[in-house]
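**Student:** Spelled out from the first residue to the last, the chains are:
There are 4 protein chains.
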Amino acid sequence: MANKQVGIFVGSLRKESFNRKIANYLVSSSPEGFEMKILEIGQLPFYNEDLDNGNPPKEFVDFRDAVKGLDAVLFITPEYNRSIPAVLKNAIDVASRPYGKNMWDGKPGAVISSSIGAIGGFGANHILRQSLVFINVLAMAQPEAYIGNVAKNFDDSGKLTNEDCQKFLDAFMKAFHNWIEKI
Amino acid sequence: MANKQVGIFVGSLRKESFNRKIANYLVSSSPEGFEMKILEIGQLPFYNEDLDNGNPPKEFVDFRDAVKGLDAVLFITPEYNRSIPAVLKNAIDVASRPYGKNMWDGKPGAVISSSIGAIGGFGANHILRQSLVFINVLAMAQPEAYIGNVAKNFDDSGKLTNEDCQKFLDAFMKAFHNWIEKI
Amino acid sequence: MANKQVGIFVGSLRKESFNRKIANYLVSSSPEGFEMKILEIGQLPFYNEDLDNGNPPKEFVDFRDAVKGLDAVLFITPEYNRSIPAVLKNAIDVASRPYGKNMWDGKPGAVISSSIGAIGGFGANHILRQSLVFINVLAMAQPEAYIGNVAKNFDDSGKLTNEDCQKFLDAFMKAFHNWIEKI
Amino acid sequence: MANKQVGIFVGSLRKESFNRKIANYLVSSSPEGFEMKILEIGQLPFYNEDLDNGNPPKEFVDFRDAVKGLDAVLFITPEYNRSIPAVLKNAIDVASRPYGKNMWDGKPGAVISSSIGAIGGFGANHILRQSLVFINVLAMAQPEAYIGNVAKNFDDSGKLTNEDCQKFLDAFMKAFHNWIEKI
Chain A
19 MANKQVGIFV
29 GSLRKESFNR
39 KIANYLVSSS
49 PEGFEMKILE
59 IGQLPFYNED
69 LDNGNPPKEF
79 VDFRDAVKGL
89 DAVLFITPEY
99 NRSIPAVLKN
109 AIDVASRPYG
119 KNMWDGKPGA
129 VISSSIGAIG
139 GFGANHILRQ
149 SLVFINVLAM
159 AQPEAYIGNV
169 AKNFDDSGKL
179 TNEDCQKFLD
189 AFMKAFHNWI
199 EKI
Chain B
19 MANKQVGIFV
29 GSLRKESFNR
39 KIANYLVSSS
49 PEGFEMKILE
59 IGQLPFYNED
69 LDNGNPPKEF
79 VDFRDAVKGL
89 DAVLFITPEY
99 NRSIPAVLKN
109 AIDVASRPYG
119 KNMWDGKPGA
129 VISSSIGAIG
139 GFGANHILRQ
149 SLVFINVLAM
159 AQPEAYIGNV
169 AKNFDDSGKL
179 TNEDCQKFLD
189 AFMKAFHNWI
199 EKI
Chain C
19 MANKQVGIFV
29 GSLRKESFNR
39 KIANYLVSSS
49 PEGFEMKILE
59 IGQLPFYNED
69 LDNGNPPKEF
79 VDFRDAVKGL
89 DAVLFITPEY
99 NRSIPAVLKN
109 AIDVASRPYG
119 KNMWDGKPGA
129 VISSSIGAIG
139 GFGANHILRQ
149 SLVFINVLAM
159 AQPEAYIGNV
169 AKNFDDSGKL
179 TNEDCQKFLD
189 AFMKAFHNWI
199 EKI
Chain D
19 MANKQVGIFV
29 GSLRKESFNR
39 KIANYLVSSS
49 PEGFEMKILE
59 IGQLPFYNED
69 LDNGNPPKEF
79 VDFRDAVKGL
89 DAVLFITPEY
99 NRSIPAVLKN
109 AIDVASRPYG
119 KNMWDGKPGA
129 VISSSIGAIG
139 GFGANHILRQ
149 SLVFINVLAM
159 AQPEAYIGNV
169 AKNFDDSGKL
179 TNEDCQKFLD
189 AFMKAFHNWI
199 EKI
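Protein chains in written order, with the numbering used here: chain A, 19 to 201; chain B, 19 to 201; chain C, 19 to 201; chain D, 19 to 201.
Wrong hints could be hidden among the right ones.
It does not matter which identical chain is used: a pair holds within one copy or between any two.
Cross-link-like lysine-lysine pairs, in silico, BS3-like; alpha carbons within 27 Å at most [as the list claims (entries may be wrong)]:
| id | residue 1 | residue 2 |
| --- | --- | --- |
| 1 | Lys22 | Lys55 |
| 2 | Lys55 | Lys86 |
| 3 | Lys185 | Lys119 |
| 4 | Lys86 | Lys200 |
| 5 | Lys170 | Lys192 |
| 6 | Lys39 | Lys86 |
| 7 | Lys119 | Lys33 |
| 8 | Lys170 | Lys55 |
| 9 | Lys33 | Lys55 |
These are calculated hints, taken from the structure and not from any lab test.
Take these sequences, add in the hints, and give me the full structure.
**Tutor:** Pasting the structure below:
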């Protein structure tokens, strides 16, 4: 039986993004039966309905195809100004359109937010969930993942080495895998 | 005394955007003492902290300067997937950074949301307000502006001609002007 | 095989509450295999952790037992001041406590909001969903249910007779039953 | 000139409530020109529109009168299930009604949230702000106040003695006083 394809969407474009490093850890520790991979989103033009009249941009077409092929979706995001970064919102909008061709529809999903401060991206986490209701991503409720003081979890090479964080993420992913199987 | 400069930020890039047409109406009916103008946001690259290390893109610099010069800010936005469009969130993020140089800080502001359905962009309206708290835009509370069934308000040339909508917007702007004077 | 027990929680205490009338319609049209019933919440004292030290009030004990016995939960709520009514929030809090005895945990759920205006209780709907994440009620995403202009749906005796509304609710409940079976 | 009356509303009914202890600190350190006092809310029956037909309960009448007499309002709240406690939402609803007699209207306000964990009641803070928009409480934006790990701030007698927390609250109140003067 083919592996389940789990797409990861990272909300930060920064080269040394902590969220991307979290994603890298999850990719490297994919359990049997699951293939996890990061889908790039920074190349997408801003969503504009006019672009879908006629020939949509190749970036839109390719991204929608990539989302279509996924069995589940995982969002890993920082918080910008108490909400999600534009680049992540744009990815959600692009693959949800044109009307009637929502590529997210019915897929199981999960959300991880992080911040360098204590709050762990709570605002981004729940604002993202509000959009997931509309695009019908079936978002896991518990455990929630708000990773505060995120910078402390990595070694000099950028590898996620903090054991508490690893344990938390491993438990989170186990719950997510159960959620994917259930849905 | 110089006119108060009120910047308008439109959340949709569509050529025939209803929200832009609302903005056009407001610009054309600016009261004495206020100069209202639309600031373009579609040209801004996605915010990425790396871009601010060294020489930030010209689009960032110019937009931040333009926001800096404003006395007040008005957001007019559709709702995409129960939240605000990426292009509008990006504009907010760009002018809020780099750290310590938040150009929105302390300006009086207001929010208008709209939708072609009944709900009038409620989700976008309040998600935007959550970001305004952080960037310290002092957002007017009442009256709220949720413009539902927005398409019916325009004539064939795209002019906002519906009298009820005009009256509502005129009252809204009068309240906003009072709010600007108070702050 | 026993019928599935679906508890309905109504956010308004008003005798002629539209939301209760919606609940009555749903109870009267329960499909085979499902037993739907309204659980009263107006009798619960405000949640206060002190009340759980020693002997909790009989109202708490009884309500928690009632929630424990449910297979699924349905919230039907008006919007008060852009959020959910206190009486509904209190019911959620009471059955979620004491710590470690969350009676909602893992149950499939759904949300219906309504208003006499156009917006249909959007604010209440999504604020409620934020709490459902924490208490691990697995909330159905689509279809969403925002019933605007709710007053027009009833005859003089208070019966929900509007056919469009009936069809919408029937489709909503069919989707909810599928969601319950899946979870 | 009479002192400005600032009403404090505490979201927890617990006898040893941390939020009440924060309120006590603020009352004891009221600056010149401001009289701060806690208004009790636990005695209010659940809001129910039927209670306002005819003779409303004495508790409603008295509370509405008390709110009416205030120059500013301050909410100090824990987070219950990612939202505000019922008792606080109820107080907001009671003084906002009956229709046309919103006693909060136009008053300057501020929000402090706290939690024993790291997140500091972010969810409660912003859900409360959404209601403040509707009741037209003019809520201060910055500084935000999310007090995490709140339990560590008190001595054995329940007095707020942590100096960092005192400094933060003093700065917060200074900003709030400026906000009150401006509005």
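**Student:** Each hint: holds or not?
**Tutor:** Against the structure, the hints:
Only within a single protomer do Lys22 and Lys55 lie at most 27 Å apart by alpha-carbon distance; the minimum there is 11 Å, versus 39 Å between protomers. In this assembly of identical chains, the alpha carbons of Lys55 and Lys86 lie at most 27 Å apart only when taken from the same copy (14 Å versus 40 Å across copies). Proximity of Lys185 and Lys119 under a CA criterion of 27 Å is satisfied inter-copy only: 24 Å between copies versus 38 Å inside one chain copy. Taking identical chains as interchangeable, the C-alpha atoms of Lys86 and Lys200 lie at most 27 Å apart whether they share a chain (20 Å) or sit on different chains (22 Å).
Taking CA atoms no more than 27 Å apart as the test, Lys170 paired with Lys192 passes inside one copy only; the shortest distance there is 23 Å, against 34 Å between copies. In this assembly of identical chains, Lys39 and Lys86 lie within 27 Å of each other by CA distance solely inside one copy; the values are 25 Å within and 35 Å between copies. When the C-alpha separation of Lys119 and Lys33 is checked against a cutoff of 27 Å, the pair qualifies only between copies, where the shortest distance is 22 Å, while the shortest distance within a copy is 32 Å. Taking the closest pair of Cα atoms, Lys170 and Lys55 come within 27 Å of each other only inside a single copy of the chain (24 Å); across copies the shortest separation is 42 Å, beyond that limit.
For the homomeric pair Lys33 and Lys55, the shortest alpha-carbon distance inside one copy (17 Å) is at most 27 Å, but the shortest distance between copies (36 Å) is not.
The structure agrees with every numbered hint stated previously.
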